[in-house]
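Chains as they are written, first to last, in the working numbering: chain A, 1417 to 2061; chain B, 123 to 443.
Simulated from the structure, these hints should not be mistaken for laboratory data.
It is possible that some hints are incorrect.
Claimed, not checked - With a cut-off of at most 25 Å between alpha-carbon atoms, the simulated SDA-like pairs for lysine to any residue come out as follows: (1) K1492(A) / P400(B); (2) K1492(A) / Q414(B); (3) K1919(A) / G175(B); (4) K1492(A) / P418(B); (5) K190(B) / A1957(A); (6) K1983(A) / T1429(A); (7) K190(B) / E1970(A); (8) K1492(A) / Q237(B); (9) K190(B) / L1718(A); (10) K1492(A) / Q421(B); (11) K190(B) / D1968(A).
Quantities reported herein were computed from a predicted structural model and do not represent experimental measurements.
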Amino acid sequence: MNRGDDRVPALGTASPGLEHRLYELWEGEGGLQGFLSTVDHKKIGLRYIVTAFIFLLLGGIEALIMRLQLAAPDLKLIGPEQYDQLFSTHGMTMIFLYAGPILSGFSNYLWPLLLGTRDMAFPRVNALSYWIYLASGIFLYVGFLSGNGPNDGWFNYVPYANRDYNPGMSEDFYSLGMVLLGTSTTVGAANFIVTAMRTRAPGMSINRAPILLWGTLTANVANLLVVPAVSLAFFLLWMDRQFGTHFFDVHAGGQPLLWQHLFWIFGHPWVYAIVLPSMAFVSDGLPVFCRRTLVGYPLVALSTVATMILGFGVWVHHMFATGLPALGMSFFSAASIAIVVPSAVAVFSWLATIWNGRPVVTTAFLFFASTILLFVIGGVSGFMTASVPVDWQLTDTYFVVAHLHYVLIGINVFPVVGAVYFWFPKMTGRLLDERLGRWNFWLMFIGFNVCFLPMHLTGLFGMPRRVYTYGPEMGWTTLNLITSVGAFIFAIGVVLLVVNVLKSRRVGALAGPNPWDAHTLEWSIPSPPPPYNFAVIPAVATRHPLWEGYLDEEVRSSLDRGLLLDKAKESLGTTPLDALPDMILRMPEDTSAPFVLTLGLGALFAGLILKSWLLMICGLIILTAALLVWLWPRRELREREAAHG
Amino acid sequence: MTGTTPLGYLASAGERSHAIVSLTWFTLLVSIVVCAVITVLLWIAIARARANGGAAETRAIRVGRAPKALRWIGVGVSISAIPLVITLVWTMVTLAATSGPPADAHLVLDVTGHQWWWEVHYDAVQPDQSFTTANEIHIPVNTRVLVRLHGADVIHSFWVPKLAGKTDTIPGQTNLTWLQASVAGHYLGQCTEYCGWQHAHMQLEVVAESPQEFQRWRVQQLQPAHNPLGESEQRGRQLVEFRCGLCHEVRGTLAASRVGPDLTHLKSRRLIAAGVLPNTAGALGGWIEEAQGIKPGCQMPNQNLTAQQLTDVVAYLETLQ
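Can you build the whole structure from these sequences, using the hints too?
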């Protein structure tokens, strides 16, 4: 994003000639070169979604193997070493490589369309963020596939992660991989925040933005603040392991609890970061199928922010059993109970929207509506763990496993699949099959609840987390078998989603620009959208630009007539709160710099893990060269002044 | 219901867990009621759906403005706040009652978590009144017992659900917890912080008994091991001293290492290998020969003794009453 010149951009209406001009300006190259150099947010968004979904499938396979091992007592399908790597890799995959990135993918794809602009604020940073995410995913999975997957759970407590107790390379792969992934998340977060603040269509003041803007913006502000904590923690761990620093080494005055604080001060906000955007899918999607506007938009928007703010003050509830002072814990207990309030606002807003609406039951609606119930179940079990004495019993049993899966599957996977049904027509131009969709939904919904509802009881009956087997005398046999059966039903449901996507993208019914008669800007442009998104930059007058006719609004948005910005690859910058036109943004051309930079970074990290100076130096050289090319000031981007005279 | 689940925590056998069980039941019932109410509301709302289908059916329904339904949020949040406030107050009261170590503890234990067993030390003012055992804790009923928790290697968590919630054993710090049993009985405990390969097999047992029985047990535990008379036992004792003694202690013999569990009164315990096997001669023999098969990754190596040696060792261990 660079300041353009002082021109006043011309107003005009969309026409085939204009669209042709814009197409020439915005369409990237084809072929491998184009694939590696694109900065188009739609392509990057789809890559994020597909990559994250592949990780979801991998994590799912890991889960199924564990469910086979636990299906009956004393099974020896896999041993403790394999089990430990499986549950750790499953957690790492689902929480870090699926749940966060899938939402980044949707927001990457959708934000410029929802906001009425032509790309993210920093398209090259966007590409960089994706490539580094991919590199870290590959890095971590190279570890897993070479027998060096993480083996200390996703929260990786020291001293078990220290070299004394964990020789081998597992923890080196995990620490370095997480530092790499943290880079991706951080640059992505900066991009989301600036995009939200500076590129909304003129007139889309902050109170007219879709809830998805609030959800993803809030999540990314949190990420920007807390991801450094976990990156630091993993870096210190790696230093302890490689150079004998003593941050976590008890024998030299290091502190095991330092790790837990650094991890959870990140970890709990992260939980909200991976559900607030998907909750926003529900807030934005449900009204379309209820044919009514969302009840209590301002309250839902504010509760999103309130959840995050409170979310910074609850991390100690992961540490109630670590012997902290009771007075200190009571504050965190109170905050963890108070956080129920903003969540309740969202739940009752959704219920009121359905109740007062004219709901149409579609597959997307079923996924969104079921989220409400799963959210409540995951919410009340979370509220139970907020009470310190109760948590002393619940924590580290299967009750918590049930709770966190209701949160992460219930409020992430279900709304994400709903979002796939909802926005697939926009992304591909074709509708997903609704009949297959019903099978997809019911198998996932029933399978999920058969799997995880009885798990609460398994927990109340005392089964600890992270045990690779259990004895028949413990009273957990039947419940575990039911859970395993449910897991496989759920898996069949997920497979049907894959089938539906693969089938419908070829033979699905054509969607047209607005198949659901929905209200936000992305539905005003063709499906799939052209590379420039909007032929003219729309001017927004209300919260529901496409429903103004139905709602008898006094003012109307202008969708066909707006700023042309067709002289170069340009978009519009607006002011942060009121979205008044402020500047012309000169958008960068496609470039391989982000990809090459990632190659350098990948080589550097591969060198660090292999302790190869040669690789490290090569990586650094490539990285520096890519940065120089990227950052070299260019006159056409007005990064330096034209010579005078 | 929980009688068949040794680690279940919806039933209690002591004052500390009792206070927690009532609060757990309250929050559990509130949770179930909330889920039921929301399910009914959601069900009714969806049952009023105008159509069932896809994009065409959706488009066919005319859009309107949501009626002023903010009352939903106001009423819903207000009602939700009631159980939240009750829980908050109840939590603080229970926390105050259950957290602090008792001032009047008559018995003080030092429990240390090891990969993957529990070292139990009975502290006493006079050194000759203190002793060390493993994996089985005896306490007198109706007595508050202070437990100081230590970490030897990685973090473990000490949990005897019928008597108390979890407290972690963390290297470099001493955590305090306390136990009190109102009813005599055997109570299962389990490590609940993931600690490596054999986290699953790191159990302990708390035996709550009458003060007289406890006193008898204590006096017996204070004794050094008897010197056995039989020839096989004598040979076994030598083997134990020179092989097992590298890691284990049998008080009164040359075996005096503190790396593994104290074996002085091994046969007084109900289970071996931290809850994995019953304490029979056969299981003991199997454990000595095949520890890595029974508990892969544990610190106890397979011994590869000859049949005669194994018979002798087991014969000697059987005398450690």
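Evaluated hints:
no.: 1; hint: K1492(A) / P400(B); in the structure: holds, 20 Å
no.: 2; hint: K1492(A) / Q414(B); in the structure: holds, 14 Å
no.: 3; hint: K1919(A) / G175(B); in the structure: holds, 19 Å
no.: 4; hint: K1492(A) / P418(B); in the structure: holds, 11 Å
no.: 5; hint: K190(B) / A1957(A); in the structure: holds, 21 Å
no.: 6; hint: K1983(A) / T1429(A); in the structure: holds, 15 Å
no.: 7; hint: K190(B) / E1970(A); in the structure: holds, 19 Å
no.: 8; hint: K1492(A) / Q237(B); in the structure: holds, 21 Å
no.: 9; hint: K190(B) / L1718(A); in the structure: holds, 18 Å
no.: 10; hint: K1492(A) / Q421(B); in the structure: holds, 20 Å
no.: 11; hint: K190(B) / D1968(A); in the structure: holds, 16 Å
In the structure shown, no violation is registered for any of the earlier numbered hints.
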